[in-house]
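Undergrad: Given next are the chains, with one letter for each unit.
Protein chains: 4
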Amino acid sequence: MAYRKIINDPVYGFITVDDELVYTIISHPYYQRLRRIHQMAMAQLVYPGAVHTRLHHSLGAYHLMCNAIKELKGKGFSISAEEEQAAKIAILLHDIGHGPYSHALEQVLIKNVSHEKISLMLMEKMNAELSGKLEMAIDIFKDDYPKKFLHQLVSGQLDVDRMDYLIRDSFFTGVSEGVIGYDRIIKMLTVHDGELMIEEKGIYSIEKFLVSRRLMYWQVYLHKTVLCAEKMLVNIIKRARIVNAQALSGAFNNFLHKEFKEEEIENHLDDFCMVDDYDVLSAIKSWALHPDKILSVLCKGIINRRLLKIKYSGTIIDDNVVKEKTELAIQYFKISNDEARYLVFTGETGNKTYSNKDEHINILFKDGTIKDISEVDNALINQTLFGTVKKFYICFPNMELL
Amino acid sequence: MAYRKIINDPVYGFITVDDELVYTIISHPYYQRLRRIHQMAMAQLVYPGAVHTRLHHSLGAYHLMCNAIKELKGKGFSISAEEEQAAKIAILLHDIGHGPYSHALEQVLIKNVSHEKISLMLMEKMNAELSGKLEMAIDIFKDDYPKKFLHQLVSGQLDVDRMDYLIRDSFFTGVSEGVIGYDRIIKMLTVHDGELMIEEKGIYSIEKFLVSRRLMYWQVYLHKTVLCAEKMLVNIIKRARIVNAQALSGAFNNFLHKEFKEEEIENHLDDFCMVDDYDVLSAIKSWALHPDKILSVLCKGIINRRLLKIKYSGTIIDDNVVKEKTELAIQYFKISNDEARYLVFTGETGNKTYSNKDEHINILFKDGTIKDISEVDNALINQTLFGTVKKFYICFPNMELL
Amino acid sequence: MAYRKIINDPVYGFITVDDELVYTIISHPYYQRLRRIHQMAMAQLVYPGAVHTRLHHSLGAYHLMCNAIKELKGKGFSISAEEEQAAKIAILLHDIGHGPYSHALEQVLIKNVSHEKISLMLMEKMNAELSGKLEMAIDIFKDDYPKKFLHQLVSGQLDVDRMDYLIRDSFFTGVSEGVIGYDRIIKMLTVHDGELMIEEKGIYSIEKFLVSRRLMYWQVYLHKTVLCAEKMLVNIIKRARIVNAQALSGAFNNFLHKEFKEEEIENHLDDFCMVDDYDVLSAIKSWALHPDKILSVLCKGIINRRLLKIKYSGTIIDDNVVKEKTELAIQYFKISNDEARYLVFTGETGNKTYSNKDEHINILFKDGTIKDISEVDNALINQTLFGTVKKFYICFPNMELL
Amino acid sequence: MAYRKIINDPVYGFITVDDELVYTIISHPYYQRLRRIHQMAMAQLVYPGAVHTRLHHSLGAYHLMCNAIKELKGKGFSISAEEEQAAKIAILLHDIGHGPYSHALEQVLIKNVSHEKISLMLMEKMNAELSGKLEMAIDIFKDDYPKKFLHQLVSGQLDVDRMDYLIRDSFFTGVSEGVIGYDRIIKMLTVHDGELMIEEKGIYSIEKFLVSRRLMYWQVYLHKTVLCAEKMLVNIIKRARIVNAQALSGAFNNFLHKEFKEEEIENHLDDFCMVDDYDVLSAIKSWALHPDKILSVLCKGIINRRLLKIKYSGTIIDDNVVKEKTELAIQYFKISNDEARYLVFTGETGNKTYSNKDEHINILFKDGTIKDISEVDNALINQTLFGTVKKFYICFPNMELL
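Protein chains in written order, with our numbering: chain A, 1 to 402; chain B, 403 to 804; chain C, 805 to 1206; chain D, 1207 to 1608.
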């Protein structure tokens, strides 16, 4: 009998693994570690269901890759067994380089090294262990493989990563409006001159996809309470460094208190794989009792969900407001102006619905013409939406909760 | 024990009826007749699941009305028990005046009288039977009741009619992308100066709602095959009149071959209520064997799903194309030029995503300001979408199928 | 590009047709006629969503057959391309012989000929038209094909017919408790000595399947109001015969007033295919005004949903009760005792959860042993459930509604 | 405007909190701590979606309590506003006393004190803080309140706790067959002589509920891999005690290495609330490098999902098999016979589908009679299912993985 494992997934029903190399990768400790990294960082403080993991998301993206390849092969595009396997592995491993609380702490815990770079380092390491079997997967991941559409399925405007996270995040948060017609989009995929495109009939599905993403950004990923908690997390790390607070776990301490250069990371990959959300949250729990008032206030805030207050604004926050809130914090906590900046701070965040400047979503019409989704007749997604929408925010202590 | 019936609904789970007058109306033959009128006319030829009825839709809209009123009362807006009952009845009966195949044959079978007018006539008749108990419901339906938001819940940009048909139609067609976040929209409803509005937090849900509607129009309601079948239906009625084809049912014959004026309809309401999709489809089945070639070709087309071919175009159909197709039909069927117009015909159809010229969707901001959904910051729904998008079509015999 | 059509299905998402012969069959008028036969006869009077058609169910069963075959091939069982096509066609056509209101009028409209026999006649006819291309499909349907498991997928304890109707009927009624884990059951299918079996891991899913079926029978198929309406339908046919009431449609009249022998049916197949739910309901609508009081009462009852009252009982209905109700009907309607039997009648209905006397559900254990589902350790489905559970009923006029 | 918060829940859509005291409790650090205790302990190693928390489950059970009370009030049963609030609080807090990995480590980390006892201690403590506002909730929880059905909704055969965990666990695992018709069961609830019962029409739903629970036990809660991982967890705790391994967190160390008596717990409640899954998993991660081979093997097993092998058997495990596996372990790991018992061990587990010896599920018939669900006519749940079904297991190192 053929090799075959099925995994229950509440989103897709069943995920089938029918390739031994794929199973070997899933079983690897580097991959299993993704069980301990939440997909959505602090979003669970607003959406209690949003506790799913990076491992689950990667498996889901792998499932969509299987579907997409099956569909494209069904339409007559040539994809060899080896290419199929490589594309599946590339998507399985695309997030392997994420650190604790992924995006929320990216570039904070390890400065100047993106998670994609670390993913690549880990893939290379696994490739060596597996005597070169990941070669083609790595090429696809790096966009060095001639059939460009395989890379675009891994990373691009219509990649299966994005599709899975939108579906999965809306599923687990319960924000049902974020649901996209992933199965229809996959059925509309096509290839033209080696590039991934969408058939004409899929235009409305793509519009809907972009609008769902827009909604998920503003309603979930950039939900003000979620943003506030994630900024508190960043400030906790920064403050812990300043006051030299020790984490319970040695591996975490390394990354917290040392600053590695990109080229040094490669020598600490095993250490890196020891650190996950559990270390960070355990540290925060212990720091809730830390003598440094700033650190303990922030940590208690996260642990007991007594968050700072946050206000969003369409325009930059007025200096006077910042001053006033800072004064109050200084008086209340008896801290210096410098210290108050951990509790009263401003920033900006933003998202763009679509832009035709980056990678395009191309529609392939029946007559052979190709148009960007923003240029089809009566486009919903038009130039007025190309700019990044910025929101400004200020966070400050919620005196009622203190 | 209180009066209480529950009805299973695949869309909402259970619909509860806990008011005897409401139950009396549901049990009335006029209402039960809606079981025999399909909600989506010929859409089932493309979407086999789309066989749900007007009765089911009305019950669904009633359910949403119950939810909406509960929500508004929960927010502290005053709605009396009598108003609540009246609003529920108004929505239950809003479609009671639909004839067979509803929109597809509206203004064809009965010229110059909209279904809303007939709905009103039937409500008045039921009101007389029920000794005036429907008075307030009728006022709400006609927008004569002071609390304007009650009418807006029955008929307006955000009415529960529209919400139910979008949800229900996407449910039964399986076009899952049409799904709207109806429960969230209902939770975002509010009232300001007697008008129905949406809270600021609901902006993205409303955008999504409009985009879902846009998608449903182009992908389902105006799907070219659906449109083609519905235009064939219209031509069947027209041709039957010309060749004086008799329907099997007497009541249907009346409306088919006589032409009533608006003021005459009132005297034929019982007859009107005898006619439904079953009479029309039975007639079509019998006419498939009618000696008139035109009529029989069209009727066989509907019965056996051998439809005319249809082509959509962004521009008006070229006269030469029409001539060419007409010639072919004339030769093939050995019919006159006039007759060929039943088989080869052009037309236009259209839909607009939103326009702020008609009724508005107003957003009530926390600071008390009110903005049209197309005027909020970074609106997805903007002026570029206000115009009606037109599509032109030509239908003609599919020679391969003949 | 390969041949490929996709059909939206609210139950499974998309149904893919990628075989031209299959598409030819779907396009055949015999098959298209199934659009006009409701899957669940009168159940829609209780469950307003239950208006789906036999065509939709057949497509669904076809979809599950595709899945089942893919799964079995994935497990290494040999199924040739021709066998695959034949099995798919056999399931597509398994219900083609159903008459109007299918089970509710089976053996009533055409006596002594089951719908399976008519299905076979129609298949033979189509086979002749299609120059023998349905040969193997017919063999599988008749269980004349050596690979017995292919027939068992079409008709047996675990066939895809049963799976689809349970899922689909629970979906459209909204009785969500009837939902079965069809995808898991399909993943647990296996073949042993040419027979279809279930892997050990699937035991609980099968138990659940049988319990869901049990629930669907008592809660839906044999729901007392549904049963009552269907018995009224039978009595309408019987009464129409007695009083020689004419239907509007000639084809229906043929079957109503003539009595064909099995061997005669073959010569009237085209006529048979002209008759569907639309003829019957149109006739009933016209008979609501029929001078025969009995007929008109029954027909009005169906049309306006003013049904007879029905009572279920665990024991046979007491003669005195029958007499009393009959007396009341005689007096009220001024009819004879014989006539009253159309309005006051008793009967029994029943269902068995499982019996190991008919075809078995066999479990294949990892160690190679085979056990009937009722004989595995700690079986939920045990001997105490083997008998047919009977319920007795009496129907009689509901005086409150008259 | 009234007090009103809505929380997105993927299972029920929205959970509404419209009572300030309820919100105060939800905001309490004791309650927020439940975010850090997984509902299903190690089940996530088999079902990657099963990472939902005790907090989420408690909120869900609270939601069902709101529905159940609304339904019962709708049926005319008297429930005062105070009772309603108290019942909601009782269910919110019913799991507050769970320690890390809840059931998996119950009676292991803290011997001889059930989580219910600790829940009660914590409620008393919160009651004192909130000046007695939880008095009635505590009475209901302890079954000291006269309206017994309120306690039965919190804890009993049909409590909302059980309903929520079955729905939620099947939702998050993706074992869709575990889904129960909770909304129908709630609609069938009734009260008779102060006791919670089910209306006659609900019999099949209850059968389905018991079968779903049966399936969830064997397929999920007692899934052999889940059980194995949870037994490894227990052995980790035991071994850590023997070798005096220190956890990173002080609070956890207290409970790990000290043994509190029941009466002492009360003085350590705040400490108890400091310990959660994060401490245990962080400790395990650190112990994966512990010099004690046994401890490190077990810990690595959990962290990297390289679990012991487990075999289930219907009969007690043969001593020879145990000896053989033990020998192998002794040789491979070079450990003593005593030590080998952490890696090679046997046990039994079990579940019963229903028993009428414990609390009953009573059906209230229309004629006023009451029957246990196992005694209704043709009961699916009958005496043959009353006993506890036992399964025996042996766990031992998987030599292939080492």
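Any given hint could be a false lead.
Said to hold, decoys possible - Cβ pair distances, simulated, as ranges:
no.: 1; chain 1: C; residue 1: K952; chain 2: B; residue 2: E726; range: 14 to 24 Å
no.: 2; chain 1: B; residue 1: E761; chain 2: C; residue 2: K1138; range: 29 to 39 Å
no.: 3; chain 1: C; residue 1: I810; chain 2: A; residue 2: E116; range: 52 to 62 Å
no.: 4; chain 1: A; residue 1: G250; chain 2: D; residue 2: E1470; range: 44 to 54 Å
no.: 5; chain 1: A; residue 1: G194; chain 2: B; residue 2: I408; range: 52 to 62 Å
no.: 6; chain 1: C; residue 1: I810; chain 2: A; residue 2: T369; range: 15 to 25 Å
no.: 7; chain 1: B; residue 1: H659; chain 2: C; residue 2: K1097; range: 30 to 40 Å
no.: 8; chain 1: A; residue 1: V243; chain 2: B; residue 2: K603; range: 51 to 61 Å
no.: 9; chain 1: C; residue 1: K952; chain 2: A; residue 2: L21; range: 53 to 63 Å
no.: 10; chain 1: D; residue 1: E1341; chain 2: C; residue 2: N1124; range: 53 to 63 Å
no.: 11; chain 1: B; residue 1: H659; chain 2: A; residue 2: T369; range: 42 to 52 Å
Note that these hints are calculated values from the structure, not bench results.
These numbers come from a predicted model, not from an experiment.
C-beta: ideal position from N, C-alpha, C; glycine also.
Undergrad: Could you run down the list of hints and mark each one as holding or not?
TA: Evaluated hints:
At about 56 Å, the beta-carbon gap between K952/C and E726/B misses the expected band of 14 to 24 Å. At roughly 57 Å, the beta-carbon separation of E761/B and K1138/C lies outside the given 29 to 39 Å, and the hint is violated. Taken as a hint, the range 52 to 62 Å is violated for the pair I810/C and E116/A, whose Cβ atoms sit roughly 35 Å apart. Against the hinted window of 44 to 54 Å, the Cβ-Cβ separation of G250/A and E1470/D comes to about 33 Å, which falls outside the hint.
A hinted range of 52 to 62 Å for the beta carbons of G194/A and I408/B is consistent with their spacing of about 57 Å. For the pair I810/C and T369/A, the beta carbons lie near 24 Å from each other, so the given range of 15 to 25 Å is met. Between H659/B and K1097/C the C-beta distance comes to about 31 Å, which sits within the given range of 30 to 40 Å. For the pair V243/A and K603/B, the beta carbons lie near 38 Å from each other, so the given range of 51 to 61 Å is not met.
Restraint check, K952/C to L21/A: a C-beta distance of roughly 37 Å breaks the suggested window 53 to 63 Å. The hinted range of 53 to 63 Å is satisfied by E1341/D and N1124/C, whose Cβ atoms lie roughly 58 Å apart. Under the hint 42 to 52 Å, the C-beta atoms of H659/B and T369/A, about 50 Å apart, fit the expected range.
In this structure, the earlier hints numbered 1, 2, 3, 4, 8 and 9 are contradicted, and the remaining ones agree with it.
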